[in-house]
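Please put together the full structure from these sequences, using the hints given.
Residue numbers (this note's numbering), protein chains in the order written: chain A, 114 to 365; chain B, 114 to 365; chain C, 114 to 365; chain D, 114 to 365; chain E, 114 to 365; chain F, 114 to 365; chain G, 114 to 365; chain H, 114 to 365.
Everything labelled a hint here was simulated from the structure, so no lab data went into it. Cβ atoms here follow ideal geometry from the backbone N, Cα and C, with glycine treated the same way. Among the hints, a few may not be true.
[Claimed, not checked] With the Cβ distance kept under 10 Å, some of the chain G side facing chain D (calculated, not the full set):
hint: 1; residue: S173
hint: 2; residue: S241
hint: 3; residue: V316
hint: 4; residue: G317
hint: 5; residue: T320
hint: 6; residue: A321
hint: 7; residue: I361
There are 8 protein chains.
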Amino acid sequence: MDRDRIREILEEIRGGRLSIDSGLERLRLLPFEDLGFARVDHHRGLRQGWPEAIFCEGKSADETASIARSILDAGSNLLATRLSAESFEVLARAVEGVRYNPRGRTAVKIVNPPPEGHSVLLLTAGTSDIPVAEEAAETLAVLGHAPVRVYDVGVAGIHRLWSEEKRIEEAPVIIVVAGMEGALLSVVAGIARVPVIGVPTSVGYGTALGGLTPLFGMLNSCASGTTVVNIDNGFGAACAAHRILQRIPRRA
Amino acid sequence: MDRDRIREILEEIRGGRLSIDSGLERLRLLPFEDLGFARVDHHRGLRQGWPEAIFCEGKSADETASIARSILDAGSNLLATRLSAESFEVLARAVEGVRYNPRGRTAVKIVNPPPEGHSVLLLTAGTSDIPVAEEAAETLAVLGHAPVRVYDVGVAGIHRLWSEEKRIEEAPVIIVVAGMEGALLSVVAGIARVPVIGVPTSVGYGTALGGLTPLFGMLNSCASGTTVVNIDNGFGAACAAHRILQRIPRRA
Amino acid sequence: MDRDRIREILEEIRGGRLSIDSGLERLRLLPFEDLGFARVDHHRGLRQGWPEAIFCEGKSADETASIARSILDAGSNLLATRLSAESFEVLARAVEGVRYNPRGRTAVKIVNPPPEGHSVLLLTAGTSDIPVAEEAAETLAVLGHAPVRVYDVGVAGIHRLWSEEKRIEEAPVIIVVAGMEGALLSVVAGIARVPVIGVPTSVGYGTALGGLTPLFGMLNSCASGTTVVNIDNGFGAACAAHRILQRIPRRA
Amino acid sequence: MDRDRIREILEEIRGGRLSIDSGLERLRLLPFEDLGFARVDHHRGLRQGWPEAIFCEGKSADETASIARSILDAGSNLLATRLSAESFEVLARAVEGVRYNPRGRTAVKIVNPPPEGHSVLLLTAGTSDIPVAEEAAETLAVLGHAPVRVYDVGVAGIHRLWSEEKRIEEAPVIIVVAGMEGALLSVVAGIARVPVIGVPTSVGYGTALGGLTPLFGMLNSCASGTTVVNIDNGFGAACAAHRILQRIPRRA
Amino acid sequence: MDRDRIREILEEIRGGRLSIDSGLERLRLLPFEDLGFARVDHHRGLRQGWPEAIFCEGKSADETASIARSILDAGSNLLATRLSAESFEVLARAVEGVRYNPRGRTAVKIVNPPPEGHSVLLLTAGTSDIPVAEEAAETLAVLGHAPVRVYDVGVAGIHRLWSEEKRIEEAPVIIVVAGMEGALLSVVAGIARVPVIGVPTSVGYGTALGGLTPLFGMLNSCASGTTVVNIDNGFGAACAAHRILQRIPRRA
Amino acid sequence: MDRDRIREILEEIRGGRLSIDSGLERLRLLPFEDLGFARVDHHRGLRQGWPEAIFCEGKSADETASIARSILDAGSNLLATRLSAESFEVLARAVEGVRYNPRGRTAVKIVNPPPEGHSVLLLTAGTSDIPVAEEAAETLAVLGHAPVRVYDVGVAGIHRLWSEEKRIEEAPVIIVVAGMEGALLSVVAGIARVPVIGVPTSVGYGTALGGLTPLFGMLNSCASGTTVVNIDNGFGAACAAHRILQRIPRRA
Amino acid sequence: MDRDRIREILEEIRGGRLSIDSGLERLRLLPFEDLGFARVDHHRGLRQGWPEAIFCEGKSADETASIARSILDAGSNLLATRLSAESFEVLARAVEGVRYNPRGRTAVKIVNPPPEGHSVLLLTAGTSDIPVAEEAAETLAVLGHAPVRVYDVGVAGIHRLWSEEKRIEEAPVIIVVAGMEGALLSVVAGIARVPVIGVPTSVGYGTALGGLTPLFGMLNSCASGTTVVNIDNGFGAACAAHRILQRIPRRA
Amino acid sequence: MDRDRIREILEEIRGGRLSIDSGLERLRLLPFEDLGFARVDHHRGLRQGWPEAIFCEGKSADETASIARSILDAGSNLLATRLSAESFEVLARAVEGVRYNPRGRTAVKIVNPPPEGHSVLLLTAGTSDIPVAEEAAETLAVLGHAPVRVYDVGVAGIHRLWSEEKRIEEAPVIIVVAGMEGALLSVVAGIARVPVIGVPTSVGYGTALGGLTPLFGMLNSCASGTTVVNIDNGFGAACAAHRILQRIPRRA
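Okay, structure coming up:
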């Protein structure tokens, strides 16, 4: 997992500076810290290019705050998602300088600014899809990218989308957030050449089935080469965009 | 159900020409013929404006032929749907002059030409949706309407649809047949003012779920005022169009 | 989309009154207003014959009020659906003269009376289906039509329905609102010649599956030519009725 | 389970005619025969009032024939359900005098005529539901009851049902067999005072979901006091009717 | 529906005491009262043998009270199901002498004692199934029957059931209420000769799927001749028992 | 069920010390106590090796306390699961010396220490799975075993798991608690030779489907010989471990 | 994974007999053989105690035979599951001495007899469950255990089960194979103290849902401490039994 | 869609070389060819970077061949997916030089070699996933990329995966094809920094639910930033990879 580190250990063994048994143990020893209830993995940033985010749903406000402190103490940037306004109050008292996005339900504190990334186009079909898009936008920002928000451009009024055609053609990656039938993904991906990531949302009622309908709609998109993430997973879409963008050279 | 007929019976009773017990019985007596295994309702045409169609799936070729003869003997037009080529062979031997549509899997014999109806626009998203559209087209024809077929205009290549914009604006009723994510319904209904009926198809694989995905997609259409029929139900869509068209005056 | 407008632009270009670049831009420019969080499309009324309605579920009371003001400022009629009594309080303070229907959970303000439309028959199977029917009734009224409410005529006491037989035969369009097994649609459509639109409701428990059971029941109706809208979608059923009624001449 | 038998054993023990260990063993010993692959329980007839039926689906023709012989050897009546025409050939060679019903896919041999039972009304909504109804009819006959077949009286042509109203009022038990939306159960149970048993069928396509739609429709029937059996389970419905009829005195 | 009444009308017409048009109208006129939001059908008792019950879920306390008064004013007995303690408070203020069963969430007022019926055995698998059983018990009592409650006798401790074997053998009808895997139905029906009605309950978590698991388990019972009602539908099971018991002579 | 007891009764009968009728009755008589609403089975401990646990969901605090007292009065150990903090307050007032685990939502009182058992390895994929693991841990402790908690070792950071490899190889039984995709089970069972029991959790959102996704994932594990219990059923996993451990000799 | 092997490598490095880079490579090198289309893992037997089995569904007869030869060449025992009679013909020509079980659809060749194991009790509810039980029986035999087959003892005739009570009490592990409602698991586990593994089968029709109903029924078993494997997975149940039995001392 | 083309048309209009009406028409005119049953869109390659592929499932062999000829006549490369061996025979007679991949069920003819692309890592969990991977491999090749096949490296033998760790770290894009529980995606994405695309397969039985289980498992992956395509959609995964790779500079 950490080839250089293993090489180092092997060299110490060869040099006799480390016993074989200690070497064995160190080969097992991996860098994570045990908080008792959550093993925060500070090296994930090194390995994969993004910080440990806290998914706050199902965690108490105190647990969230405790994990947040541990992350910041390790010098990493903080991103908390699915954070209720009430839990943010607790977090804000525990950690200073955290910024809250009430629509996206995210909290962010940057202690180590990321290198400048790319512009990412963020489209939503309706206004109810905006919270999920905002979660993606905040995640992109923490990763160094600039979200370009174009909201409420669903296919029933498809003329609204045409005014954004240039942006669609020029973005290096597009994220399409849509509930209901999820048709926006197909239309956008039919125009764009670039990677288009669909995020189905749980917006809607009845046969929207909590997001399964736009999910299945997006998976069955008649536009080739689209991919999707889990329902309401704005964070995941942003991370997927980041995986793509890391290898793309910045435009001059 | 048949107010005039009941009035007649009551008048006969008052006039003493009919005993009360016979009157009671006649009030119960309703016009259908018992074939033993299927009660063919020849008066449905009178009541609702279309002939009894034979849904052939699950019926033997002989049963189909027997019902067909009974319908034609009563002077009604014949429409058989979901008819395999093999069963058509049997039918063709039993009844002469029946025309078969192999793509739509329908058989038709007109003995009583319907009054001239309207043009109905029939759109499909892909080529695999055509069999269902053809079932609708044949049903429309039996009901006196002229199907206008515009096939393979799915949203991933939405520019194909624009060349049909004028037809979309002028049709009195539009039927949209689509599998996969079913998005064509929303786009068309976002342009058209007229009734738009969606027919989800069982085309697709994996998460298309045998047509549930386009069905749910169409039900969640972000374009207001669309309605849908059952999966693959081209016959039903044509009947629904006919219910609408009966009251619309023909264009001069 | 707006052929006349494009023609005008082309004529200005030919006449040299408009540069090509400005022309290009104007061809893209489409009439919608950006509120930041929702693009209200005031021209939809022109294009399709109904005003922009506000679906309030998942919107804050303040967002609702803000969108409502924008709609009314543009001179359009206001229809808000799925509006809680609490949110109505906020709306009523922001906009004067709005009428609330607590059973249908709708708010309406007519500033521009629609042309007189048709009578539409609204049937419900039970009393619990009434809220959905009321949403349809209010939408019909905004569109200029007169809802004829006949409630609680489900098939278990099918004799209740017979007393409405004349209305069923004479209505230009019928909307059937039913939960549980949704059987009312089949019975009514077996009598009526006219378009019958089914609205499954989420009424019921256990295997009613939040409305999927009446939805699937209605889609499998043994009465030909029925169509359905999404679960609980009274608004959509009324819009579908309106699409049909626009072409039907008013009775003398 | 067999109080008298246990009493006998206890009396033998008290009388010293049976050792305690033998008594213990005999208390465990229960009357069934081991064929190696199927334990035929000949005493079920004594205990519950009906013979062991063979459910042939998934059994080889030879297994079926072998079980059939064992049942007949024990002096019981034979009823085989879900028996293909091919397997019947094998059975007919092995056992003489077996009668086959090709629509119901049942085989019957009566060696011990049952006491005369009741008339049971068997309704189907369509012609495709008939095979399931025939399975019920044959089962009823083996149990001594007289099936009264009234087929193809679905609710879309509800007038057909009225001509059967008297039979509905007089039957001691009614079995309603219906696919599609299953609405016939509600209408019939809304008229009848007697037990009404619904059998959903797997007839239909798309959203009929292999019979789940009529099953759920029937479970949500708005007519009180209806019960249902499994999809396509004509045999089970007949057995349920028999459980009811055993205590009802025959009409003079 | 009311043959005698129709005969009377026909006789008045013949006698010239009634005009044909008035006769037509009276033939349509059916005995139900319009409360505006619910058509209370007071004659259902005559037709089917039980009073109109109020299903209170989804009704306001005031609606419930208003319907209750209408039922009692017509001289019928009152049964309200799914009634919260809060709504009962309102009902108790509106109508005096109503008895509330907090476990079964039912309210009852008998103004017209029913004829003496039968004993009905009510089994539950666990303690959590008791509320549904209590709803059945109260319904049975209103219908004149005596519920015999045997609760918490699930199959994991099957020896508990044996002590009830005599009751199982002697009851004219058995109702089995069970959640989780619903196995109690099969075991009981394997012992009993009489009708056994299963009521699956929504008790359980995870894969109990809100009661679908015991429902499907019961439908697939390996004991022949069992029937089921909807999930948690204690009221329906009692009505089904009543349909059966009406024809069974009382034991001396 | 209790061979010795039956032998004793038979011997008393033979010896004439017991009448046959009394003997019959005693054979039926089984050791459980009737609290009215729950039959507490104190002998289950003797028969199967664990005490009666109280599943508190859906029980009132008073019912829980009453059952708890009955269990303790019989000299058994007490284990209550799914106990809210509020209900614990009531229990704590009714019974003294009960210990509450707020994460596992369990209450325990040991009055009869179990024999010393084994160490059981308890793994969780994430921090949100801990409550279910804690329920298992407390159950194990009541049964005499020592839970070894290793939490938050999911496969996305699979290196964390390697540091636990030795424990995985040495544990006599492993319980893997995981939500989301449930992949941890496969990885662990691919390493370990011993029984590995999977507990899917309802952690996650969207397509986690309340735990069905990890459940199905675990059932489809590509590692042979794994078994699973119901979603969130930590108690059941511990009991299954106990069934296994009873026959395994303790390590020296 | 192989601590001793790693130690060896480290010692070679310290001794200078191995360069660091070669050591790094060897640390990665793991023992499996590449057939091109399937990596047969011969060391799995060493690591987990069972041989590589071939799951033949979806593999061509030639692929199966090729993998079989590779396994036997490595000196391991062969077990092929889900093997059609046709594919066995091919296998029998390629490898001599293979024994086929047509009911279980398994092929076995023992080249290296396993150490003597335990008796395992195998119960089925019906005769249709036998193929799955036979797959388990054959797998157990390959692993050295003796399957004790007790078939067709379902709960509807629960007295059949009592004659097996002693075996249930004495078996070290019990496997219960059941379709339909899966109730046998609960009844058996309510009697037995030992590990009980449920295998739901896809036997049944309609709402058996291809085995989901007995699966969910078994997961919701009211008998504590039961576990289940995937639908029809007799192989997996035997492997799970083997994991348990490895640590249990053989009875004298 | 084609800004330059529109500019040209506008310039012709300004220059008077084109009438306004002709201009209007040309603005609508879009480049696709109408074969009657399928509109082949030859310009898609220009717009999005890949040729029109033929999805052959549900198309007759003749339709496939006809579309293939049209594509090749237009000078595009041919890729046909889901092509049965029988249909390939027909295609091979119609078009010469087509290469068939029987495992991937694809046919390819390159007439216009694509520019050299990247290496793409293709992993499968088992051998049964290979057909889907081969479809992806062939698609990648048509698009100019070099598939690197590493098959049968599922997580139950996770040590097999470690030998591929270097490739995982270096690939610009990874495609993970897996059925059963789909866990391979999480493990790979936990190691890799680059885009990882999951393709769930319909391999497996019972609760694999035709691929829904690995699909949902992958969507719930605990490794951030993964995306998925539809079940068995190897073609789609390759297209998604191509969208990503178009912007990534080739390694020196």
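Going through the hints against the structure:
1. S173: Since the shortest Cβ distance to chain D is 26 Å, the answer is violated.
2. S241: holds (5 Å)
3. V316: holds (7 Å)
4. G317: holds (9 Å)
5. T320: The hint holds - T320 of chain G has a Cβ within 10 Å of chain D, the shortest such distance being about 6 Å.
6. A321: holds (8 Å)
7. I361: Interface hint status for I361 of chain G: violated (28 Å vs cutoff 10 Å).
In this structure, the earlier hints numbered 1 and 7 are contradicted, and the remaining ones agree with it.
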